[in-house]
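*Asks:* Line by line, the protein sequences are chains A and B. End of the first sequence sits at 582 in the working numbering; the numbers just go up one at a time, nothing left out. End of the second sequence sits at 582 in the working numbering; the numbers just go up one at a time, nothing left out.
Think of the hints as simulated: they come from the structure by calculation, not from any bench. A portion of the hints provided could be inaccurate.
Any copy will do: because identical chains look the same in the list, a pair fits if it lies in one copy or spans two.
Stated by the list, open to error - List time: in silico SDA-like cross-link candidates among lysine to any residue, alpha-carbon distance up to 20 Å:
hint : residue 1 : residue 2
1    : Lys-508   : Asp-570
2    : Lys-305   : Tyr-351
3    : Lys-519   : Glu-122
4    : Lys-294   : Pro-271
5    : Lys-508   : Arg-228
6    : Lys-519   : Val-26
7    : Lys-187   : Arg-4
8    : Lys-508   : Leu-567
9    : Lys-294   : Thr-136
10   : Lys-420   : Gly-501
11   : Lys-366   : Asn-476
12   : Lys-418   : Pro-271
13   : Lys-340   : Tyr-254
14   : Lys-418   : Glu-162
Number of protein chains: 2
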Amino acid sequence: MHRSHNCGELNIKNINQEVVLSGWVQNIRDLGGMIFIDLRDRYGITQLTVDINQNENLFQKAKNIGREFVLKINGIVQERTNKNKKINTGEIEIIVNKINILSESETPPFTIEENTDGGEEMRLKHRYLDLRRKTMSENIILRHKIAQETRNFLIRNNFLEIETPFLIKSTPEGARDFVVPSRLNKGFFYALPQSPQTFKQLLMVAGFDRYFQLVKCFRDEDFRADRQPEFTQIDCEMSFVEEEDIYSVFSQYVKNIIKEIGGEEIKEIPKMTFAESIDLYGSDKPDLRFDLKIKNIDSICKNKGFNVFDKSENISALCLKGNSGISRKILDSLTEFVKSPQIGGSGLIYIKCNLDGSLKSSIDKFFNESDLKNIQNMCDAKKDDIIFIICGGYKKTKQIIGDLRIELIKRFQIEPKNKFAPVWITDFPLFDFDKEKQQLHAMHHPFTAPKNEDVEKLNTAPEEAIAQAYDIVLNGQEIGGGSIRIFDRKTQNKIFELLGLSENEIKSKFGFLLEAFKYGAPPHGGIAFGFDRICAIMSNEKSIRDVIAFPKNNSGKDLMIDSPSLIDDDQLKDLNIKLSE
Amino acid sequence: MHRSHNCGELNIKNINQEVVLSGWVQNIRDLGGMIFIDLRDRYGITQLTVDINQNENLFQKAKNIGREFVLKINGIVQERTNKNKKINTGEIEIIVNKINILSESETPPFTIEENTDGGEEMRLKHRYLDLRRKTMSENIILRHKIAQETRNFLIRNNFLEIETPFLIKSTPEGARDFVVPSRLNKGFFYALPQSPQTFKQLLMVAGFDRYFQLVKCFRDEDFRADRQPEFTQIDCEMSFVEEEDIYSVFSQYVKNIIKEIGGEEIKEIPKMTFAESIDLYGSDKPDLRFDLKIKNIDSICKNKGFNVFDKSENISALCLKGNSGISRKILDSLTEFVKSPQIGGSGLIYIKCNLDGSLKSSIDKFFNESDLKNIQNMCDAKKDDIIFIICGGYKKTKQIIGDLRIELIKRFQIEPKNKFAPVWITDFPLFDFDKEKQQLHAMHHPFTAPKNEDVEKLNTAPEEAIAQAYDIVLNGQEIGGGSIRIFDRKTQNKIFELLGLSENEIKSKFGFLLEAFKYGAPPHGGIAFGFDRICAIMSNEKSIRDVIAFPKNNSGKDLMIDSPSLIDDDQLKDLNIKLSE
Numbered sequence: 002m003h004r005s006h007n008c009g010e011l012n013i014k015n016i017n018q019e020v021v022l023s024g025w026v027q028n029i030r031d032l033g034g035m036i037f038i039d040l041r042d043r044y045g046i047t048q049l050t051v052d053i054n055q056n057e058n059l060f061q062k063a064k065n066i067g068r069e070f071v072l073k074i075n076g077i078v079q080e081r082t083n084k085n086k087k088i089n090t091g092e093i094e095i096i097v098n099k100i101n102i103l104s105e106s107e108t109p110p111f112t113i114e115e116n117t118d119g120g121e122e123m124r125l126k127h128r129y130l131d132l133r134r135k136t137m138s139e140n141i142i143l144r145h146k147i148a149q150e151t152r153n154f155l156i157r158n159n160f161l162e163i164e165t166p167f168l169i170k171s172t173p174e175g176a177r178d179f180v181v182p183s184r185l186n187k188g189f190f191y192a193l194p195q196s197p198q199t200f201k202q203l204l205m206v207a208g209f210d211r212y213f214q215l216v217k218c219f220r221d222e223d224f225r226a227d228r229q230p231e232f233t234q235i236d237c238e239m240s241f242v243e244e245e246d247i248y249s250v251f252s253q254y255v256k257n258i259i260k261e262i263g264g265e266e267i268k269e270i271p272k273m274t275f276a277e278s279i280d281l282y283g284s285d286k287p288d289l290r291f292d293l294k295i296k297n298i299d300s301i302c303k304n305k306g307f308n309v310f311d312k313s314e315n316i317s318a319l320c321l322k323g324n325s326g327i328s329r330k331i332l333d334s335l336t337e338f339v340k341s342p343q344i345g346g347s348g349l350i351y352i353k354c355n356l357d358g359s360l361k362s363s364i365d366k367f368f369n370e371s372d373l374k375n376i377q378n379m380c381d382a383k384k385d386d387i388i389f390i391i392c393g394g395y396k397k398t399k400q401i402i403g404d405l406r407i408e409l410i411k412r413f414q415i416e417p418k419n420k421f422a423p424v425w426i427t428d429f430p431l432f433d434f435d436k437e438k439q440q441l442h443a444m445h446h447p448f449t450a451p452k453n454e455d456v457e458k459l460n461t462a463p464e465e466a467i468a469q470a471y472d473i474v475l476n477g478q479e480i481g482g483g484s485i486r487i488f489d490r491k492t493q494n495k496i497f498e499l500l501g502l503s504e505n506e507i508k509s510k511f512g513f514l515l516e517a518f519k520y521g522a523p524p525h526g527g528i529a530f531g532f533d534r535i536c537a538i539m540s541n542e543k544s545i546r547d548v549i550a551f552p553k554n555n556s557g558k559d560l561m562i563d564s565p566s567l568i569d570d571d572q573l574k575d576l577n578i579k580l581s582e
Numbered sequence: 002m003h004r005s006h007n008c009g010e011l012n013i014k015n016i017n018q019e020v021v022l023s024g025w026v027q028n029i030r031d032l033g034g035m036i037f038i039d040l041r042d043r044y045g046i047t048q049l050t051v052d053i054n055q056n057e058n059l060f061q062k063a064k065n066i067g068r069e070f071v072l073k074i075n076g077i078v079q080e081r082t083n084k085n086k087k088i089n090t091g092e093i094e095i096i097v098n099k100i101n102i103l104s105e106s107e108t109p110p111f112t113i114e115e116n117t118d119g120g121e122e123m124r125l126k127h128r129y130l131d132l133r134r135k136t137m138s139e140n141i142i143l144r145h146k147i148a149q150e151t152r153n154f155l156i157r158n159n160f161l162e163i164e165t166p167f168l169i170k171s172t173p174e175g176a177r178d179f180v181v182p183s184r185l186n187k188g189f190f191y192a193l194p195q196s197p198q199t200f201k202q203l204l205m206v207a208g209f210d211r212y213f214q215l216v217k218c219f220r221d222e223d224f225r226a227d228r229q230p231e232f233t234q235i236d237c238e239m240s241f242v243e244e245e246d247i248y249s250v251f252s253q254y255v256k257n258i259i260k261e262i263g264g265e266e267i268k269e270i271p272k273m274t275f276a277e278s279i280d281l282y283g284s285d286k287p288d289l290r291f292d293l294k295i296k297n298i299d300s301i302c303k304n305k306g307f308n309v310f311d312k313s314e315n316i317s318a319l320c321l322k323g324n325s326g327i328s329r330k331i332l333d334s335l336t337e338f339v340k341s342p343q344i345g346g347s348g349l350i351y352i353k354c355n356l357d358g359s360l361k362s363s364i365d366k367f368f369n370e371s372d373l374k375n376i377q378n379m380c381d382a383k384k385d386d387i388i389f390i391i392c393g394g395y396k397k398t399k400q401i402i403g404d405l406r407i408e409l410i411k412r413f414q415i416e417p418k419n420k421f422a423p424v425w426i427t428d429f430p431l432f433d434f435d436k437e438k439q440q441l442h443a444m445h446h447p448f449t450a451p452k453n454e455d456v457e458k459l460n461t462a463p464e465e466a467i468a469q470a471y472d473i474v475l476n477g478q479e480i481g482g483g484s485i486r487i488f489d490r491k492t493q494n495k496i497f498e499l500l501g502l503s504e505n506e507i508k509s510k511f512g513f514l515l516e517a518f519k520y521g522a523p524p525h526g527g528i529a530f531g532f533d534r535i536c537a538i539m540s541n542e543k544s545i546r547d548v549i550a551f552p553k554n555n556s557g558k559d560l561m562i563d564s565p566s567l568i569d570d571d572q573l574k575d576l577n578i579k580l581s582e
């Protein structure tokens, strides 16, 4: 072993001990007759001192050491005169009597410090150096802890960890599959799983009852910000359960993670229907750390002669506290935000509730003082608040005002009420109707069961059917989602038909699942959490890239190993494929 | 929730309780006025009774229930008159007062019993039914336990679980890679990892110190018995270690698994060099549950006028206890075994040490009584033992007699001395020399460090260099292997050159690793265990297929989901590839 202790554990109790440490040079300071070296490893930093008066040869050797060299040193622990109370090892230093340079280092292409000077591309290319930075290594260690907390929780609750295959079958639904040509079965392909969905259902048919897996999944998507072609899922499934059982077990799970990792106690995780969430927050991923609810003010705004309101399906308002004084310029820029292509609004109406009690709005022409007062009351607006109003079709209006809500929270740096605000979103529609193609799509996935009372609607008005599907949202980000599954052939077949699959397609893609349902399938349901996303939220990172050891960039490239790459013609020939011209 | 209890937990303490159970019908017996149903779930089996006198409607309903139906029943726990002491629930039964048929079942294609009538193909096709069988579900549950024991041990020892990527770069070395065409980078390919080797080394360069992962790996091999194209590895790496540190940590690990899962205490895991193992057992995977050591008897056999011996590089003998009386027929079939193409021997010599003290051999013509006595003594053979002799070139002789050793153990059902016999095999050669191609190959992999004292040999006689490489063998099967790694550019480059890689190949395949070694790489080493293999040994299964939930068959096909399969022309087009004619 190249060390007796690590660089994070020596303290005042070790005074006068002979120790061997190994690690990286974080910093080296030559004060003339004295050299100080900060030696770093995963556990901490320990200060080394080399004194010219004690050992001149050693001193000369130390002079040639640079940052990021790997050293093995022998020395004696000594109390420091200049104590650093901020770190564990801050009361001691090591008087070095032997230095073994295990590895030299060239000057790294960026500084290995909290605030590095390296751009993201450079840091991704030398990821092993970026991971030496404290925040990055702490993120990876936190990820390890969250994984263990997750496993421990699930195992305590009788879940079995069972591995499902990676080389499966392509069943393109929604996102594209990555495929793998088979050499031994020429012309045939495996596919990498987008999720172990059908396998976990078959595990329920097999009788395993409670299954989980922390598992890599793959989606060949057109890359968007903060998506990775491979990502990690906490995949869970249970038999003999109904929606309430899922809420009960996994509320405990989320509370447990927030407590053990985030240090906060959550009493209960609230539930909100999809419809309610859209209505109140303009999103199915409401960030409940902030109050800021949307009010429907249709009832008091219509038939006042303002044509824009009168022809609107919905009129929604948001009350921003304590900002009645905002400038024309800010109002204009908020209007511009609403009208930007990615938001797609046509304008923004405001009512300022001035400090003197007067009201000033952009619709003064159409509404008198008393009308505006009514709106003010309906919005619970007080003096110094400002009310924003969006109107139009229901869905669009809610989306716009939901986006505006998030923008206001950011721009006005509204203080969150609490650090973590999880919420279950329930009662999702079963289908999404694509008007252009006149085709239903599964909102969640085609294995989701409709509400028992809505089964009949599959025959009459499928687009109105509500699903036994749910998401769990934390701080405005979806961290998990799932459903109670269909477990009978008849309903499953019906859903496949409604989704426009031909009998042949059903058979070739999902025949095995329908076959399995012949032999006694239990009622079952489950959930999958986005592990990367949970880690990012708990690490306070915006991007999941910062909680993945070796991520790809936004074009799906691994800049470090330079992948994807060309392969040999021999390999292509073996696989019986050619590149198209 | 569809149950108040599971089918394995009710006992005499629950008498008179009202319970709800859900599960599968294992068995149903109609005794005229009484129907008995064995209801099964993952936890056990509970007996249900339906009495025609208590509820005739219910009785009629029960009559229509078949095997593998999924039921939810309400009932009262009652003491049994006919107790079954073999199972937990054997003292009670449930007097059913309500039956809800959750799912019906067609007659399964094979019986869901310990000894099933289903052939392997049928069972793989309906894997979810095969997994309902007790041995199979117990295997999967044991695998779960071994995974948890493994993680708990490693985490106690400060290892961090860190995920490495699955979409990496093709660097064909040894086995073939599975590749994944990239849609967004046309003409480029990812590869699936054969192991996370370079990534775990980069994690050491990053400073993570102790890493592990239970991870799927992929090898596109020509299928052989009991190989899977995807398999699970317990992958570990440590920094600042030497060989002895690896032995110390991972001996603890293996002992821990054998104790916690196998219930046996192992005091110490012995070490044996590769050369010694070949010499004594004719294999680098010696099964030490059996004594049966090979003796070199060259010294007393040569120059006796027997040309076959005289021209042999090696003469090896095995002494089989208590079988001097075996028939001519058995001797002939052993000779045939030795001469079979897969063994490749040219003949088998024997010396019978008869019960009356006389010796009878197939070389009586060349050896007198006293010569044979000498051989007997050298082999520690007693009355009633039989000695088998193989001779020829050293390597081939050892392989043949090693194979014969295993065959004798099987055929004569030799009792093992102990249930588990782990052993470290050390000091592997660094290279294997391919005489045909006049090319060195890495015996382990190209990142393996030579022994410190053999570094010079890389320049003079690389084929003689010994590696800091080791395997761990359990009951004659390799369950893990690893090495201390090279951590400097110069040596790593030298090895790549010796392996015949051009400068360009080195750069394009391993440039990132050599680049990383510029910036302070720590000394490091590691090991990877075959998780499937460990599970198979601990479950007493011959095939790893029996410890994998959804395995592929020996042609790499998943018979259940029918994969690999054809993919759409659109998908091929998107990926910019075509099938060759």
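*Asks:* All the hints need checking, so say for each whether the structure fits it.
*Replies:* A quick look at each hint next to the structure:
no., hint, result
1, Lys-508 with Asp-570, "between (36 Å within a copy, 19 Å between copies)"
2, Lys-305 with Tyr-351, "within (17 Å within a copy, 113 Å between copies)"
3, Lys-519 with Glu-122, "between (53 Å within a copy, 19 Å between copies)"
4, Lys-294 with Pro-271, "within (16 Å within a copy, 69 Å between copies)"
5, Lys-508 with Arg-228, "neither (32 Å within a copy, 30 Å between copies)"
6, Lys-519 with Val-26, "between (65 Å within a copy, 14 Å between copies)"
7, Lys-187 with Arg-4, "neither (53 Å within a copy, 49 Å between copies)"
8, Lys-508 with Leu-567, "between (36 Å within a copy, 14 Å between copies)"
9, Lys-294 with Thr-136, "neither (35 Å within a copy, 56 Å between copies)"
10, Lys-420 with Gly-501, "neither (44 Å within a copy, 58 Å between copies)"
11, Lys-366 with Asn-476, "neither (39 Å within a copy, 91 Å between copies)"
12, Lys-418 with Pro-271, "within (15 Å within a copy, 61 Å between copies)"
13, Lys-340 with Tyr-254, "neither (41 Å within a copy, 62 Å between copies)"
14, Lys-418 with Glu-162, "neither (37 Å within a copy, 34 Å between copies)"
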